[in-house]
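Asks: Residue numbers (numbering that gives the first Met the number 0), protein chains in the order written: chain U, 0 to 137; chain G, 0 to 406.
Accuracy of the hints is not assured; some may be wrong.
Counterexamples of contact, computed for chain U against chain G with all Cβ distances above 12 Å [what the hints assert, rightly or not]:
id, residue
1, ILE2
2, ASP32
3, GLU38
4, MET60
5, ASN89
6, LEU132
7, SER135
8, LYS136
Between beta-carbon pairs, the in silico distance windows are [stated by the list, open to error]:
id, chain 1, residue 1, chain 2, residue 2, range
9, G, ASN75, U, GLN21, 53 to 59 Å
10, U, SER42, G, GLU49, 28 to 34 Å
11, U, LEU46, G, LYS240, 45 to 51 Å
12, G, MET147, U, LEU40, 35 to 41 Å
13, G, GLY341, U, SER37, 17 to 23 Å
14, U, LEU40, G, HIS124, 29 to 35 Å
15, G, ARG245, U, LYS136, 56 to 62 Å
Under 8 Å between C-beta atoms, here's a sample of chain G residues computed to sit facing chain U [said to hold, decoys possible]:
id, residue
16, ASN21
17, ILE38
18, GLU340
19, HIS343
20, TYR345
21, ALA349
22, LEU350
23, LYS353
24, PRO367
25, HIS371
26, ASP375
27, GLY376
28, MET404
These are calculated hints, taken from the structure and not from any lab test.
Cβ atoms here follow ideal geometry from the backbone N, Cα and C, with glycine treated the same way.
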Amino acid sequence: MTIENAQKDIIDNFLFFDDWTQKYEYIIELSKDLEFMSENLKSEDNLIKGCQSKVWLHAEMVNGKINFLADSEAIITKGIISILLNVFNNRKPQEILDSDMGFIEKIGLKEHLSPNRANGLSSMYKQIKFYALAFSKS
Amino acid sequence: MNLSFDVEKIRQDFPILSKKINNKPLIYFDNAATSQTPICVIDCIKDYYEKYNSNIHRGVHSLSDEATSAYEDARNKVKDHFNIKYSEEVIFTSGTTHSINIVSNGFSKILTKNDEIIVSGLEHHSNIVPWQMMIKSSGAKLKVIPLMENGELDMDEFANILSHKTKIVFLNHVSNALGLINPIEKIINMSHEKGAYVLIDGAQSAAHFKIDLQKLNVDFFTASAHKLCGPTGVGFLYGKKELLHRMEPLMGGGEMISDVTFSKTTYADLPHKFEAGTPNISGVIAFGRALDYLNGIGLEKIENYENDLLDYANSKLKQIEGLKIYGESKNKTSVISFNIEGIHSYDIGALLDKFGIAVRTGQHCAQPIMDHFGVDGTVRASFSFINTFQEIDDLFEALKKVKSMLS
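Isolated chain U, as found in the complex:
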């Protein structure tokens, strides 16, 4: 599945919801799907700056694809990370570099991209792209 298709799937899932409560309950559910991140990976180096709740992101290159692990102290942030990793995990660096974040607006979570929220969604996406750029050159 391409990144674009993965994003479309997420948009379709979110279309089911009539109100914000259902949407956020779904995000909270998604937070539980996040792959376990061991404590030793929650290091200062992996901490994403500018988030109100702590957010860690770790990346490794496995067989030409980037494997991300991430976690947060806040459940909603964790749920959003889970959405991001559904889209960007196990991708070739170039695929990530060619992507955008338009789908976040389409699923009605645009407010989480605001720099004021400091929830790390923007910083997180920047960091994902940064890893992609770094790995694309290695």
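Chain U is fixed; fit chain G onto it per the hints.
Replies: Frame of chain U; chain G shown alone:
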């Protein structure tokens, strides 16, 4: 409960209260970050730009006269409101942070490496960082008044660290993160006995009760207009004349000089020495209008009503299992800083927003206090006289729903 307070009538003065957030009426519980603005203050700014926008103090034309006298009227309003002796002791600044920087910069030229300065452990970063910058240049030592378990200042420890070496003590009147009212009368008296000056940051106190600066006999005091129903970007610094005379200005520029050649500049007299450049004229005038507005209601009435709101909110929120309030005390303003066990403050804030409820989450620019309580952050609901008991009920119901969603 205070029945003589007509909150519904007051709410009509605030156009923003008719706004909907996520299709729900805005419930604004972030008053400690900034107060909302009544229509008379908004009109005052509009009026200035429509009718007498002009640069002050230097013009010889009528508009400039009009703007200058409105600006200086505002200075007198601040003087009267805070019972300051001389109007030249009122320096208009861009806000509390600017004011603190004027004093810390002024003192950096006066202090030596043998001197000590004392800060409270309850400070906003804006009252910590300028002094850290200052001790770097002067070599003076920084001491901290520690907190007791409930977050109140440890006054015994203050007595221990205060000495004849102490040159200035600076602390907030009310803690922004917790709402605790510090015993500043005692601190000022004790400091003066040792010959130390005191700067009080009134950013969180001035909106909640009447403050008499002559009676307090404090050396410096500062507050921001935007927390007093005024506009952002304006505040004032009060300083005793003799101290302001001794201090070097923070900024150089127009307005603050009396004589300039390329070899030497003579500073203007007070207050202009500290008001370099064209000030926020409309903001200052609107600040004066905001003080009129608050005095029209009466700060005593406001204080009583807000205390009732606080008591009610305390009793309601405590009914929520696992909810812990930080900084409980009899001496506090209408602020409740809390967490719910097992839930991150960010999650609570983000979901409350969906209910149209605006609260603050995080460290509130006061990381040392968060460290004291061993938490990453808190949710802070700060109430003001524009809030209602019904809104507190709505917060209570929303919190119960948020809690069930997140647990």
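Asks: Can you list which hints this structure breaks, lowest number first?
Replies: Violated: hints 10, 17, 18, 24, 25.
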